[in-house]
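Novice: Chain by chain, the residues run as shown.
4 protein chains.
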Amino acid sequence: MSSTKKYNWKGKLHEVIYEADTPAGKIFDVILLVFILASIVLVMLESINDIDAKYHNALYIGEWIVTILFSLEYVARIITVKKPKKYIFSFFGIIDFLSTIPMYLSFFIIGGQALVALRALRLLRIFRILKLARYLGASNQLAGAIKSSRAKISVFLFAVIIASIIFGTLMYLVEGEENGFTNIPKSVYWCIVTLTTVGFGDIAPQTPLGQFIATIIMIMGYGIIAVPTGIVSAEYTRSANKKDEENNGELEKTHLNSQTCQNCLSTNHKDEAEYCYTCGHNLHLD
Amino acid sequence: MSSTKKYNWKGKLHEVIYEADTPAGKIFDVILLVFILASIVLVMLESINDIDAKYHNALYIGEWIVTILFSLEYVARIITVKKPKKYIFSFFGIIDFLSTIPMYLSFFIIGGQALVALRALRLLRIFRILKLARYLGASNQLAGAIKSSRAKISVFLFAVIIASIIFGTLMYLVEGEENGFTNIPKSVYWCIVTLTTVGFGDIAPQTPLGQFIATIIMIMGYGIIAVPTGIVSAEYTRSANKKDEENNGELEKTHLNSQTCQNCLSTNHKDEAEYCYTCGHNLHLD
Amino acid sequence: MSSTKKYNWKGKLHEVIYEADTPAGKIFDVILLVFILASIVLVMLESINDIDAKYHNALYIGEWIVTILFSLEYVARIITVKKPKKYIFSFFGIIDFLSTIPMYLSFFIIGGQALVALRALRLLRIFRILKLARYLGASNQLAGAIKSSRAKISVFLFAVIIASIIFGTLMYLVEGEENGFTNIPKSVYWCIVTLTTVGFGDIAPQTPLGQFIATIIMIMGYGIIAVPTGIVSAEYTRSANKKDEENNGELEKTHLNSQTCQNCLSTNHKDEAEYCYTCGHNLHLD
Amino acid sequence: MSSTKKYNWKGKLHEVIYEADTPAGKIFDVILLVFILASIVLVMLESINDIDAKYHNALYIGEWIVTILFSLEYVARIITVKKPKKYIFSFFGIIDFLSTIPMYLSFFIIGGQALVALRALRLLRIFRILKLARYLGASNQLAGAIKSSRAKISVFLFAVIIASIIFGTLMYLVEGEENGFTNIPKSVYWCIVTLTTVGFGDIAPQTPLGQFIATIIMIMGYGIIAVPTGIVSAEYTRSANKKDEENNGELEKTHLNSQTCQNCLSTNHKDEAEYCYTCGHNLHLD
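Residue numbers (the numbering used here), protein chains in the order written: chain A, -17 to 268; chain B, -17 to 268; chain C, -17 to 268; chain D, -17 to 268.
It is worth saying that the hints were derived from the structure and are not from the lab.
Check each hint, because a few of them may be wrong.
For identical chains, the list gives no copy identity; a pair is met inside one copy or between any two copies.
[Claimed, not checked] Computed list of lysine to any residue pairs in SDA-like fashion (alpha-carbon distance at most 20 Å, straight line): (1) K129 x A141; (2) K(-8) x I143; (3) K(-6) x T4.
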């Protein structure tokens, strides 16, 4: 019976950590998000010299508090899940691990701090707490539109890169090193800056011929900007129409909750679901 | 009877101030708009040192004239409305108040002048005087398209912010302080400048690796620009089609006037309306 | 009979000058376009100091040749048309006049040269010589899409201007004169540069708060860019669909020629037309 | 029989060089792509002074290895094809020739190196090796959408150029040489930089009037950006709809291979094809 009890304890912790439907689970997720945001703000503040000079110790301590809490959370996640390997090698498992280790790494190697940038990805958890199936639906639809226009966008990106290499080399030959086009990779970089209409202006053509070629590149870029927009727009209209035909808003009435199966970690279960739709594991009994 | 008379006087003033259908109301609104524009021009001229040095007194007097007229108008609006509280806490009530007080505030605190920027919002009144239900319809349709794509745009903006934090931190680590990426918030700022294809160029990557990452950010930004456009475009086509089906241009024939109910301040009454469609108050009798 | 003869001579000249269907008319139009292009190139070359210093006399003579030819053409156009007033006050009549006079004006006033920029508008004649009803159709369809989305684009532009005034004033207060935001009009100018994602970078926010506000402006601008695109795109799809339904490509088979009625100057007559569809004047007999 | 044997040997080499269906053909294409990429990287590295100074000899040898291999490949292609003229004057024939000769040219003339930029175009072969009829279909659809909106885009580009000339001349007159607008061609260049929202910022208006005109140009450019996007988007939606109606995905099931006819060089044969669909030549027997 003690085994069952222990199992129950794990089950409850699992519910708190992995779900946002119970009050405890909601509180846990809110606290977690606050700490994720705090950890990002901490890293940002550390990078500002004036602030780091004044409050170095406070920031250092804060960073350790966040690291210890993240470590505890990571361990708890592994313990309460039935198949820890599945969690560890899942997208969020890897992100959780990488956002926890930078401080430990800083003992051994310098630069391990680079991983802290990945903490921002943890913010994606916000979608779960908002429990907005609507938002997930929106992102699915977006992903769908992007996915079905993948082939076209690949062709397009390929064309952009080839054009950049050709025009970049041309500009290097026309403008030369004295006008900032010091080598071909830099020229290609300038070409992409121009094609995408970003236009930093740190490098700019000085010779009349260079400016003429730049004009062609810009007008081309202007036309090119229309292509991915047209593609996504058309695919999106299409998928929206299809969805309109298939169900007249019916699907939207099905409410999905933030439950995560303890066994296989699949999400988006229906509210009335008793068993996991992927592996058949009982969702509530544990 | 004097009460009725007074009431009538108030009613007439209400008609002049709040409506643009009578000749007097039209003249009032035109004069008001001229003064709003004049007040904005005044503030702009004051900010130009050369002009302020030369004509300081004239500008100061002009500012006071505008302030006094705005004060009178504000008081008149409160007096002639049946439920002053409703007006005071309405969108335009607050804007009217805030555009009136800066000069009074300047006696007590410096910086109160910041509120003058809000005067521009008063220009929105122009839609009423133009009496263009057509324009209002256009802005409603726009608002509708934006509203129904809100969820998708939120997901999108969230993705942009997370990407900016990750790439911003990365660029800070790659480029470092010596190339202008002095701290992470500034790097994130640069990243948003680049993703949105604004590209000021006050900060620009100098190292080859930094330029390579910048290239990825720009091409990503290029693809990302397609997403909100595609969304709005698709939603817009959809809502336009729906409207086409529902009414074949019939709704557009219904002419709405600029009448404002004296009781509840609701607008967009039909031309033939005798009573407010929201509260049942008689629109013309007062 | 001499009157008829003279009339015939005028009629023939009219056919040469105003139409591009006869070989003579075609040659006339090609020569005219060459001179228009030459006149634009002349003005450009004159503006380049090195070239002007070397070839000043040649350019001066060239400019006079162009001016005299344009004058002759202008007089011929007036003589051969039945209702000269109609031509003189038509769009092309005014453009023709303004592109002819700059050299004459240069005797009296300096700065009259500014009008030469309008010569570029004469290039629009190219559409007639290309005789591409297809292109005219394309530009009509474009104009139609823009026209039917006029109301929406007005609302949109109005919103952009109001936002620019508000944020421009805010940036002036936050950044101040020491960071390049020397006065409110300049701040508003910077705001529009940023909102439209042009981003020159001659002025850029330096304070953290200013950069934060700039971030908001940029992301807003990013969203805003989606709106006019979505509108035009939707209107365009709509009008294209409508056209598809109405005629299945049938209209495109009707061939329109470049004939201009000698009497009322209306264009786009059908190939088989004998009389002007606007005024009933005989198109070929004169 | 020796003639047949020789023919067979040529046929086999043809299969290896021109096709990617046999294992040998696949390996050949992968190796070729690696060398194309290597040749592009070589040219880029050569252009970087530091690297060229250190490894000049290695790069020079590498360049010669690539040139000799490209020469061998070019000769092999000519030998194994039945109608060499057709190959030599085909798009890829010319590209292959131009990417091979720069090193030979460098003996005679300086600047022949400019042709190396064209090597990037050889990368287009990647589509064949990926054997992705899907991608080819995608690029065809794109090309179709662009083709059918050609007339509209021409009108649009023409309008952009005329507007640039007019506003460019205006800005030259307003800003003058002291603010960087040294001559009209440069002003026109600046105008295109602004209209396309690139905005380098190497030239920027300094006078209030110039900044006001710039504002108009930018807002115009903002509206103009909507036009090509709207066109492509609408054409694309249209062609996608048409394709949806014609075949319900049936065409996509027909699998095309990378076979090239030895006789007429036509590609995209069906998997079950025995004879060339263009000239009737036997595809496999040789």
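Novice: Decide, hint by hint, whether the structure agrees.
Specialist: Hint check:
1. K129 x A141: Close inside one copy (19 Å) and across copies (17 Å); limit 20 Å.
2. K(-8) x I143: neither (52 Å within a copy, 35 Å between copies)
3. K(-6) x T4: within (10 Å within a copy, 58 Å between copies)
Hint 2 from the earlier list is the only one contradicted by this structure; the remaining hints agree with it.
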